[in-house]
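Grab the two chains, each in its own frame, and use the hints to assemble them into the complex.
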Amino acid sequence: MTRFSKFNVSAIIIGFTFLYLPIILLILFSFNESRLVTVWAGFSTKWYVELMQNQGIKDAAWVTFKVAFISSSVATFLGTIAGLVMTRFGKFRGRTLFSGMIYAPMVMPEVILGLSTLLTFITLAIDRGVLTVTLAHITFSMCYVSVIIQSRMSSYDDSINEAALDLGCTPFRTFLLITFPIILPAVVSGWLLSFTMSLDDLVIASFTSGPGSTTLPMKIYSMVRLGVTPEINAVSTILVGLVTAGVITASLIGKRQRQQLAQS
Amino acid sequence: MTETTTTEPWLDSNQKPYIQIESVTKKFGDFTAIDNLSLDIYKNEFFSLLGPSGCGKTTLLRMLAGFERFTEGRVLVDGEDISEIPPHLRPINMMFQSYALFPHMTVEKNIAFGLKQDKLPDNIINQRVEEMLELVELTDFAKRKPGQLSGGQSQRVALARSLAKQPKLLLLDEPLGALDKRLREQTQFELMDIQEKLEVTFVIVTHDQEEAMTVSSRIGVMDSGKLIQVATPTQIYEAPINREVADFIGDVNIFKGIYKGQDETGTQLLSEDSKSIIYATQKVDVPVGNRIWFALRPEKLEITRKLPEVDFNILKGKIEDIGYGGSFSTYHVKLENGRQLTAIRANRERTAEHHLTWGDEVYLHWAPHSAVVLLS
Numbered sequence: 402m403t404r405f406s407k408f409n410v411s412a413i414i415i416g417f418t419f420l421y422l423p424i425i426l427l428i429l430f431s432f433n434e435s436r437l438v439t440v441w442a443g444f445s446t447k448w449y450v451e452l453m454q455n456q457g458i459k460d461a462a463w464v465t466f467k468v469a470f471i472s473s474s475v476a477t478f479l480g481t482i483a484g485l486v487m488t489r490f491g492k493f494r495g496r497t498l499f500s501g502m503i504y505a506p507m508v509m510p511e512v513i514l515g516l517s518t519l520l521t522f523i524t525l526a527i528d529r530g531v532l533t534v535t536l537a538h539i540t541f542s543m544c545y546v547s548v549i550i551q552s553r554m555s556s557y558d559d560s561i562n563e564a565a566l567d568l569g570c571t572p573f574r575t576f577l578l579i580t581f582p583i584i585l586p587a588v589v590s591g592w593l594l595s596f597t598m599s600l601d602d603l604v605i606a607s608f609t610s611g612p613g614s615t616t617l618p619m620k621i622y623s624m625v626r627l628g629v630t631p632e633i634n635a636v637s638t639i640l641v642g643l644v645t646a647g648v649i650t651a652s653l654i655g656k657r658q659r660q661q662l663a664q665s
Numbered sequence: 084m085t086e087t088t089t090t091e092p093w094l095d096s097n098q099k100p101y102i103q104i105e106s107v108t109k110k111f112g113d114f115t116a117i118d119n120l121s122l123d124i125y126k127n128e129f130f131s132l133l134g135p136s137g138c139g140k141t142t143l144l145r146m147l148a149g150f151e152r153f154t155e156g157r158v159l160v161d162g163e164d165i166s167e168i169p170p171h172l173r174p175i176n177m178m179f180q181s182y183a184l185f186p187h188m189t190v191e192k193n194i195a196f197g198l199k200q201d202k203l204p205d206n207i208i209n210q211r212v213e214e215m216l217e218l219v220e221l222t223d224f225a226k227r228k229p230g231q232l233s234g235g236q237s238q239r240v241a242l243a244r245s246l247a248k249q250p251k252l253l254l255l256d257e258p259l260g261a262l263d264k265r266l267r268e269q270t271q272f273e274l275m276d277i278q279e280k281l282e283v284t285f286v287i288v289t290h291d292q293e294e295a296m297t298v299s300s301r302i303g304v305m306d307s308g309k310l311i312q313v314a315t316p317t318q319i320y321e322a323p324i325n326r327e328v329a330d331f332i333g334d335v336n337i338f339k340g341i342y343k344g345q346d347e348t349g350t351q352l353l354s355e356d357s358k359s360i361i362y363a364t365q366k367v368d369v370p371v372g373n374r375i376w377f378a379l380r381p382e383k384l385e386i387t388r389k390l391p392e393v394d395f396n397i398l399k400g401k402i403e404d405i406g407y408g409g410s411f412s413t414y415h416v417k418l419e420n421g422r423q424l425t426a427i428r429a430n431r432e433r434t435a436e437h438h439l440t441w442g443d444e445v446y447l448h449w450a451p452h453s454a455v456v457l458l459s
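Those protein sequence lines, which keep their order, are chains E and X.
Take the first sequence: its letter number 117 is residue 518 in this note's numbering, and every next letter is one higher.
Take the second sequence: its letter number 348 is residue 431 in this note's numbering, and every next letter is one higher.
In isolation and in its complexed conformation, chain X is listed as follows (with noise of 0.2 Å):
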C-alpha cells in the first residue's frame, strides 16, 4: 500500500481501500436486508452510513463485527477475507448503541476485558487500560461501576473499551444517539480528535445527518438495503444525486417542471409552480421536454421586499411563517399558486428595521449556480 499522505484516498486510483464490502446481500426469510451492496472504505476514514431507520444500515454494521452472516458476497479487511471469520476473532470492535457495559466489572476492567481475552501480560494491560483512561478523561472513575456514571460517562467507558484492543477497524452503532445535544455536539468533536489521533478506521451508522456531516469523511446514504449516494458531506450537500438524497440530508426546495434546452444563463426549466422558466448552471444531458427537477437549499434563496434587480428566477409570495432562531430565521413562503417555499435568512441586523414579517409580500431569487439540476 502506498502510503501517500492525500485527505480524499478515493479519488486516487493508486490507493487500496481498506475495507471492501464486495456484493453482499442479506436476507432474512424473504425480507431482503442489504441489497447486493458494494463499498469501498480506505484506511483511517471516518464513514459514516445515513439512513432512515430500517435501511439495513445496523445489519451492514452487525455483518462487519459478524454477528450476522450475509446471504452472499464477502467482506475484506486489509486484503484478508473475514466472511468467515467468527466475531471473537475479528480484528474489528464494535461500539454498541446500548453501550453494552458488563455492569457487574468497574470502568477498570471493562476497558480491560478485551486485553485480558488476548493473554497479554498484566504490566501491558495495566499500562493500555491507564492511557485509555487519560484518553477518554475518565482516570478518577476507574474503580466506579456502570451503574454510578451518567450517560456521557458510560459512553466515553465504551468507547475506550472498543479502543482498547487497537482494532483495524472500529464501528459505532449510533453512539450519540442517547446524549442530550449539548452533550452529543461536543462529543462528535472528541470523537473526531480520539479518530485523528489513533489512527484508526471508523465506521459510523447515524441517523442524524447532522452528526454524519459534522464528523464524516465521507457518507454513504442508504435506503432500503441499498446505497443511494457515497460522497464527502459537501458533497451530499450541495449536490445530492437524486430528490430523495436531497430531501433526506436538510432542509430542500424542489421545483418539479420540463427541460427546455439550454441557453447562456443556464439549463431551462419550465417550472410547475410560477408557469414560467427558470434557470440553472449545471447542465444535464437528456431529451428536451424531459421531465427534471430543481433542488434549492432555503440559504440559498434570497428573501426580499423589493424586486431583485434581474429579470430571471424570480418568484413571488407572502410570508406565511417565521421561524425565529436567533442567528438565522426561516420563512415559508406562499406562492401564488398556493406551493409553500421554505427559505432562511442570517439575522445580521440586530434591530427589527429590516425585519420581515408575516404577510409581507416578498420575492424569492436565486442564482443558477445555487440549484441543483436533479434527473430523479
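Isolated chain E (complex conformation) (with noise of 0.2 Å):
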C-alpha cells in the first residue's frame, strides 16, 4: 500500500501546516491571557469580553452584517434569475456579451473592479455610505450565485416542467411550485456564497465606503496598523469561524444535491 507511504503523509503535514498554521496561531492566541502577542500566558476569554466592550469593532460588526445580508439577499435574486435566463430561454440576441458580463467580475482584479465602482459612484455623485458599499457587494456576487444556478439548471430535466405545464399548471405556477423549490439547494448555497463574499471583503469595501460605513476587515486591517492585540486575534477567531460554517453548510446543501440527483 503506497497511500500512507513516508512521502504522502509528509507532504500532507507540511500542505496542511503552509496553510493552517497561521490560522491556528491566531485563534489559539485569541485566547492568550497575556497582551503580548508571542508570549502564552495561560488561557483566557478575557480579550472576547474586551471585544464585546469596544464600540468601534460591534459597529463595525454590524455594518458588515447589513452590507452582506442586503448585498447576498440582492445577489442571489438576481444571480438567480441571470441563471435561469441563460439556461432555459436557449439562444438569444446578446447571449454571449451577457454571458461574458455575468463573468466578468469574477476574473477582474478586485482593485479594478473596487476603482471602477468608486469612479462610478463618483460620476454619478452618489455619496459614499453603507448604500455604495452594498451595491458594489452585489455586483460581484451576483456573478457567483448565476455560476451556481446555472450548473445546477445544466443537469434540471426539462420536460419535469412540461409536464406541470402538461397537468395543467400555468407557466408561472410552475416556476413556483416546480422549478424553484427543486433548484432551492442552489440558490440557499449560492446566498451562503455571497454571504462569506461579502463578509471577507477588504478591497472593494476600502474602496466603496465612506465615512460610518467602515465593515469588520477595514476595522480589523486600520487597527493591525497600530500594533496586532489580542483583541484582533479575537475579531478575526470569530470571523474566522462564521466564515468556515458558511463554507460547509454551503458545500453540504451541495453534496446532498448532488446525492439527491444520483438516486432520481
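None of these hints come from the bench; they were simulated from the model.
Check before you lean on any hint, since a few could be wrong.
[To be verified] Which chain X residues stay away from chain E? Per the calculated CB distances, all over 12 Å, these: (1) Ser136; (2) Lys389; (3) Pro451.
[What the hints assert, rightly or not] So, partial list: chain X residues that the calculated Cβ filter (under 7 Å) puts toward chain E: (4) Ala148; (5) Ser166; (6) Pro170; (7) His171; (8) Asn176; (9) Met177; (10) Phe179; (11) Ser181; (12) Ala183; (13) Phe185; (14) Phe196; (15) Gln200.
Beta carbons: idealized from backbone N, C-alpha and C, even for Gly.
Listed below in C-alpha cells is the structure:
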C-alpha cells in the first residue's frame, strides 16, 4: 500500500501546516492571557469580553452584517434570474455578450473592480456609505450565484416543467411549485457563498465605503497598523468561524443535492 | 357519434374519428420535421407511432401535447380545434420518456398534482389518488419520494399521474424504453389492460417494433416526417406496402426482379438471384417488364435437406450460420450466387437427428401465398 507512504504523509503535513498554521496560531493566541501576542501566559477569554466593550468594533460588525445580508439577498435574486435566463431561454440576441458580462467580475482584479465602482459612484454623485458598499458587493457576488444556478440548471430535466404544464399548471405556477423548490438548495448555497464573500471583502469595501460605513475587515486592517493586539485575534477568530460555517454549509447542501440527483 | 362497438372503427365510414390531424407541417428553420401529415385516430384506440429516431414521431407527439406549435395545419380532438390552445389547457396528458416525476414530492403528491391544478375538492382528489395507486399497485409506496423508487415503479407513478386527470387522450413517449426486457414485456400487457379498463385513447411513440406489434390496435410507420403506412400490426407485418416498411418491421428476404406476367400459379418474377421464375399469389397491376420485388418473412421459408416435391419456388444453398434461439433457430443460407437469405425454423424435435448444421446443402421453398409483392 502506497497510500500512507512517508512521502505522502509528509507532503500532507507540510501542506496543511503551510495552509492552516497561521490560522491555528491566531485562534490560539486569541485565548492568551497576556497582552503580548507572542508569549503564551495561560488560557483566558478576556479579550472576547473586551471585544464586546469596544464600540468601534461592534459598529463595524453591525455594518458588515447589514451589508452582507442585504447584498447577498439581492445578489441571490438577480443571480438566480440571470442563471435561469442563461439556461432556459436558449439562444437570444446578445447571449454571448451577456454571459461574458456575468463572468467579468469573477476574473477582474479586485482593485480594478473597486476602483471602477468608486469612479461610477463619484460620476453619479452618490455619497459613499453603506449603500455604495452594498451595491458594489451585489455586483461581484451576483456572478457567483449565477454560476451556481447555471450549473444546477444544466442537469435540470426540462420535461419536469413540461409535465407540470401538461397537468394543467400555468407557466408561472410551474416556476413557483416545481422549478424553484427543486433548485432551492442551489439558491441557498449561492446566498451563503455571497454572504461569506461580502463578509471578508476588504479591497472593494475600502474603495466604496465612506464615513460611518467601515466594515469589520477594514476595521481590523486599520487596527493592525497600530500593532497586533489579542483583541484583533479574537475578532478574527469569530470571522474565521463564521466564514467556515458558511462555506461548510454551502458545500454540504451541494453534496446532498448531488446525492439526490444520483438517486433519481 | 354512433356508439357501435366495432373493433376496427377505421373501416367503418359511419365512425367519426376522435383525433383528426389535418395536413400538419412542422419546420425547424430549414428542416422539415413533419411534412404535410394527416391522420385520423379513433376513440379507445391504442395507436403506435413507429419509426427510426429522427423520423418526427416525437415531434408529432409533442405537437399533440402542445409543446411544439406547428407551422401549418390543425388538430381536432373530439371535433374541437386545439391548435391554438396552450398545453396547460388541453384535455390531453402525456407520459414522458424520462418519467419527469417531481423529485421533491411524494408519489401521492405527484399523482395529485394535476387534480390540484383543477381545484377539485380534497376528498375527490384523495379518492382519485387512491384509485390510481391501486390501479398501478403502488398503494404501499404512496409516501415515498421518486428517488426511492425503482425504474419500474417510477414508470407506474408516471403512468398514474398522467391518467389521474382522466384525459381524453394519453400520449406516451417511449413509455417502456428505460425498462429491462422482461419488465418491458410484462408492462406491455399491463398497459393494454389499463387502456381497456379506463377506455382512454392512447397514442404511443416507440422505436421498438415488437412493442408496437404487441400493444397496438394500429401502427403508423413514419419516416422523414411522413406516414408511410397506417395499418393493423398484422397488416403491417404480412402486407407491408413497400420495402422500407417490410425492412423496418421484422426481418425480411427481398427478391429483386422483373415482372413477367401472371399464370395459374400466380405472379411471375424473373429473379436476379436464381435467374429463374419465382411465384407469388398476390396479383399486381403493372406492365410486364417492370421492376418489382417479392418480400418473404424468414419463418415462411421452409428449409429442408430433401428436395421439396414441387417444381417452383425452390432455391438451393448452403448453411452459413445458425442462431439457436431455443424455441426456434435462425439459419443464414448462402445461395449459389453468393446472396444470403434468412430462414427461421421452429425447433419441434428435441433430439439432434433432424437438426441442420453448418455447411449443409439445403433447399429453400415457399408457398406462393406467403410472398408479398412490392412495387417500390
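Output the indices of the hints that this structure fails to meet, ascending. 5
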